[in-house]
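**Q** Below are the chains, spelled out letter by letter.
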Amino acid sequence: MRESILDTSTLDKELLKKLDDFIDSLEGKKQEHLILVLHKAQDLFSYLPQNLQLYIARKLDLSAARVNGVVTFYSYFNELPVGKYIISVCMGTACFVKGADKVLQRVLELTGTNKNEISADGLFTVKDVRCIGACGLAPVMTVNDKVYGKVKPSDVDDIIRHYRSIENESK
Amino acid sequence: MKVNNYNDLKEWKKVCPQKKDYKINVLVCNGTSCMSSDGEMLVKLLEKEMSNRNLKADIRIIRTGCFGFCGQGPIIKIEPDDITYVQVKVEDISEIVESHLINKIVVSRLLYQEPNQTEMIEKSSGMNFYKKQMRIALRNCGEIDPENIEDYIANNGYFALAKVLQEYTPDQVIKIVKDSGLRGRGGGGFPTGLKWELTRKVPGKEKYIVCNADEGDPGAFMDRSILEGDPFSILEAMMIAGYAIGASQGLIYIRAEYVVATERLYKAINCAKEAGLLGNNIFGTDFSFDIEIKFGAGAFVCGEETALIKSMEGFRGEPNRKPPFPSVSGFRGKPTSVNNVETFVNIPAIILNGSKWFSSIGTEKSKGTKVFALAGQIRNNGLVEVPMGTTFKEIIYDIGGGHPLGKDIKAIQIGGPSGGVITKEYFDTKIDYESLLGMGAMMGSGGMIIMDEDNDMVKIAKFYLEFTQDESCGKCTPCRIGTKRMYEILERLVNMQGKPEDLEKLRTLGENIKNTSLCGLGQTAPNPVLSTMKYFIEEYEAYAYRTKKTTYSIDPKLCIGCTKCARNCPVSCIEGSVKEPHYIDETLCIACGTCYDACPVNAIIKP
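Chains as they are written, first to last, in this note's numbering: chain C, 1 to 171; chain G, 1 to 607.
With the rest of the complex left out, here is chain C (with noise of 0.2 Å):
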């Protein structure tokens, strides 16, 4: 059997580092705290790549498939790269009910991109996300973490431009 080679050269030195030491903090049986290090790990990374999970599974003693088994299990944890903004639209049925899924038409038309893949210029990240709990706003969505409640499909207009126009100053 050939064991994969691990090439960590991707992967930046001192957030590893900073990975290193959360993993070595951990008490008790590490196994047991991989969903909190690949918390960890995507806090620091903002997505999980191959080499990045063969180096946890390395790090926790365990096998690689057992690694990307759970990264796969759970759609909080992203294997693609991401945006600098992420767009999650609310599915939940509160906000189905109320029309999030042209929320989410408008919001795939105007990043021109599919759903959980990055856009052309790397701003933005559009996800249909599960209930966020706040029912009351419905239909709602989240740029990062600002909450947009009653959200019209023609106020996706506005808000895309408002990140794109932060952009535009900073550069």
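Watch out, some of these pointers could steer you wrong.
Claimed, not checked - Quick look at which bits of chain C chain G covers, simulated, 3 or more residues with Cβ under 8 Å: (1) 33-40; (2) 91-103; (3) 116-126; (4) 135-141.
In short, the hints are calculated from the structure, not lab data.
For every residue, glycine included, the Cβ atom is placed at its ideal position computed from N, Cα and C.
Given the coordinates of chain C, assemble chain G onto it according to the supplied hints.
**A** Chain G in isolation, oriented as in the chain C frame:
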């Protein structure tokens, strides 16, 4: 302050800030809905206005958990005047301070107005939304500052735990909970006391108490509100449960998306530890308890207890066959009792008020209250808590205020992706676990989605099935493949490519999946389809026989010829002269609904 014994707690309570210590208490909702609409900004402004005017000594601002009246947020309540201001905006703050807090004149334009009534409601207790509610699980939400342990103690916090450790044996605690009739609020409705007893009976020193805070049911947010609004109650209840079953370790399994709830839990755990109310030798007894937080990562199936335990151990959240039940072999193979957030929050109240008090509320087999999340086509969406046995009618019309536009309500979906629909004819039914099961629905976690004539039941069923199909963990065949096939049939129907025999196929598949799936997710996944088929078969038939009208049309009697629809139509299929009725070429219509939204006089007829 460090609590070493019962007396310390009593002494501490005496010096905790009470509402009566202040002339005025200003309660600002810091629940998720209100916060995302500038709730935090309101607090900052209030503080600034008050320090500018030197009001700080007499008036206390309290950031509370959710008031439940989410549709009208952000909300500010002023006590003891019992005045609730709704939809408060940043620019309203100085008027509230100037007029109400200083000159004692109520700002009437910010009061709530009942539907179809002209007068504003002054006292909060006079609002229909609150009149029929009974708040036990939500007793502290919207009342206290969830980040302040002194607020909790002032409201009898930790007195239930003290009573348990001083006066009761573990068996007595279990008896009280059994006698109270409390049943699991997470969905299944299993008697809580019995679950504890089963876990206690299994020999062994290492046992676990788990709080299931993986609230995944779309449209339900009571657990989130309780965790955000009253985290100490959960910690206290878990300790009481730990004492009862003989566990010294508790775990809270929470959705990673619940950031605010997690922060408040961590804060509460640290405060409790500092105060000696979590950790070793609590109240000077030999009872010790610790609590750890475990994170979910977005998998609906992890609400199922065996899957949840797998996930806490760092595996894919795939459920196991029961038995063995977690009470025998759970976390790390040890006896484990998994209880839901809303179940736990009832425990301190039951201990303090007694099992008789609790069992006097509700119906014969379902005791106490239940929190429901009202959403969809309803005027007052938000969280409501009512005694078991309240009717749907009371919830929708008296508390919920009916349809926002006064339209007819067609059905209620209850129990989320595991539940079913309740139709108009059954709105007089008294709600409890049994009555819902009898109607082909289930309590679930208590999400209620209100639907009107515009909601297509086949599409709603398809929506739920898409969800469960997506969330199916894939371990057992009926759920993995069966729900996929059901979904394909529904997709075919909705795209007008279905056949009449599809309906029978859908029904048989559904029954088989229910009977043969491994866990609760699969066993209930077909419910939304089966129950809508039972009550709205004509909508399914319209698709299956391809008689369903799928395009929009215009009512010539109502059309005023403003041309808005024609100008907005993306496929230019609307024709007509100015000030003359328009018409839609139905062979070209793509049913996008743009004309419907554009029409100022509601002349467009939906398919």
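**Q** Please go over all the hints and tell whether each is borne out by the structure.
**A** Evaluated hints:
For the region 33-40 of chain C, the proposed coverage by chain G is satisfied: 6 residues have a C-beta within less than 8 Å of a C-beta in that chain, meeting the threshold of three. Counting residues of the region 91-103 of chain C whose beta carbon lies closer than 8 Å to any beta carbon of chain G gives 8, which reaches the threshold of three, so the coverage claim holds. Residues of the region 116-126 of chain C with a Cβ under 8 Å from some Cβ of chain G number 0, which does not satisfy the need for three, so the listed coverage is violated. Look at the region 135-141 of chain C against chain G: 4 of its residues bring a Cβ nearer than 8 Å to a Cβ of that chain, three or more, so the hint holds.
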